[in-house]
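Novice: Quick note: the sequence shown uses our numbering, first residue 1, plus one each step.
Honestly, the hints are just simulated from the structure, not real lab data. There's no promise every hint is true.
Quick list of the computed label-pair ranges, beta carbon to beta carbon [said to hold, decoys possible]:
id	residue 1	residue 2	range
1	G122	C22	33 to 39 Å
2	R30	R106	34 to 40 Å
3	W104	A69	30 to 36 Å
4	D72	R47	18 to 24 Å
5	R109	R47	17 to 23 Å
Since we're looking at a predicted model, the values are computed, not measured. Ideal placement from N, C-alpha and C gives every residue a C-beta, glycine not left out.
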Amino acid sequence: MAFIWASPYSLLGLSIGLIGLCTGGHAQRRGHALEFYGGFTKWFLHRLPSGQFVLALTLGHTILGQTEAALDVAREHEWVHVRQFERWGPFMGPAYLLCSLYQWLRGRRPYRDNPFEREAYGD
1 MAFIWASPYS LLGLSIGLIG LCTGGHAQRR GHALEFYGGF TKWFLHRLPS GQFVLALTLG
61 HTILGQTEAA LDVAREHEWV HVRQFERWGP FMGPAYLLCS LYQWLRGRRP YRDNPFEREA
121 YGD
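From just these sequences and the hints, can you work out the full model?
Specialist: If you want it as C-alpha cells, here you go:
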C-alpha cells in the first residue's frame, strides 16, 4: 500500500531520473527505492533554489542525487523522506510546503526548521 500511496511522486521522480539516464546519468536500486544521479538529474537539482547546495531530493520511492558520492552522503537523510512519503502519500508535497511557509511567516528558516527536515536530520 505504501508504494501506491507514494506513487504520484515516485512517477515524477522516475520521469526525471529516466531523462537523466538518457543524458548520461546513472541509476541504482537501494532497498525499495531507485536512485538516479548525473546527467539531467544533476542539472535539475542545480536549478532548484539553493540548488548548488542540494545533494539529493526524494520524490516518493525515487531519490535524485547530483553524484553517486552525494547520494552516499545524503542516503540516510533521504531514506527518512522515503518513509515520510509512505506515510503522507499525495499530501506530502502540500504539507511540506505549508510547513515551510509557516516557518517563514514566523521568521524562522523555511528549510531547516521544517518538521519534515527536522525529523530527517534527527533533531
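Novice: State for each hint whether it applies.
Specialist: Now the hints, each set against the structure:
As the Cβ distance of G122 to C22 is approximately 36 Å, the hint placing it in 33 to 39 Å holds. The given range of 34 to 40 Å is respected by R30 and R106, whose C-beta atoms sit roughly 36 Å from each other. Checked against the hint of 30 to 36 Å, the C-beta distance between W104 and A69 comes to roughly 31 Å, which is consistent with it. Judged by the Cβ atoms, the range 18 to 24 Å given for D72 and R47 holds: they are separated by roughly 23 Å.
For the pair R109 and R47, the beta carbons lie near 21 Å from each other, so the given range of 17 to 23 Å is met.
Violation of the numbered hints given earlier is absent; every hint is satisfied by the structure.
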